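Undergrad: Sequence:
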Amino acid sequence: MPVPMPSRALADSFCVFYCTSQHSLCVLVGFLLLFGFAFRPKFAALVAAKAATPLLDANVVATAVKANRVLLLAAASVPKFCSEVERDLYEEARATQAALKSGLAQIRSSLHCLRTEQESVPALLGELVAAVGKLPTAATPLAVPTQGGRRKEGDEEEEDGGVRAAYRA
Numbered sequence: 005m006p007v008p009m010p011s012r013a014l015a016d017s018f019c020v021f022y023c024t025s026q027h028s029l030c031v032l033v034g035f036l037l038l039f040g041f042a043f044r045p046k047f048a049a050l051v052a053a054k055a056a057t058p059l060l061d062a063n064v065v066a067t068a069v070k071a072n073r074v075l076l077l078a079a080a081s082v083p084k085f086c087s088e089v090e091r092d093l094y095e096e097a098r099a100t101q102a103a104l105k106s107g108l109a110q111i112r113s114s115l116h117c118l119r120t121e122q123e124s125v126p127a128l129l130g131e132l133v134a135a136v137g138k139l140p141t142a143a144t145p146l147a148v149p150t151q152g153g154r155r156k157e158g159d160e161e162e163e164d165g166g167v168r169a170a171y172r173a
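Residue numbers for the sequence shown follow the working numbering, so the first one is 5 and each next one is one higher.
For the record, the hints were derived by calculation from the structure and aren't laboratory data. No false leads were mixed into what you were given.
In silico DSSO-like links for lysine-lysine, alpha-carbon gap of 30 Å or less:
#1 K70 / K84
#2 K84 / K105
#3 K70 / K54
#4 K138 / K105
Keep in mind it's a predicted model, so treat the numbers as computed, not measured.
Using the sequences and the hints, build the whole thing.
TA: Structure, rendered in structure tokens:
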């Protein structure tokens, strides 16, 4: 709800800007004239600085070309997914890879400490075992012989027994 203006407000001063919060004209010319002198030196310094650094067309074009090249490279490096499931599998694989890298870095650090500090071997071995225990278990393919799905003679396909990949965690 807009705040009503006092009855003598328009007689005292003249508003020049539209205020969106009050839905009315709200910035008074008298206020700007009264307190405008405080901002004049700073504004003059900004105008002088802007005039001192001219904008060169060659710089603008070079910056635009560079920004366009960065945009094209970024768009080309984003992987394309056919479905949400494929995207989720990709994200899970990236998270697993990051966890493995972090765990292996901790193991390398513990092994380095083990080599350099021989006196605290039991504590470092405990830390190493804990780091190995934190590594994620990734699904590993396991070759499993299958019997194959035998079909009746009237069906188009007959599958022979073979070796297929099964996954275990």
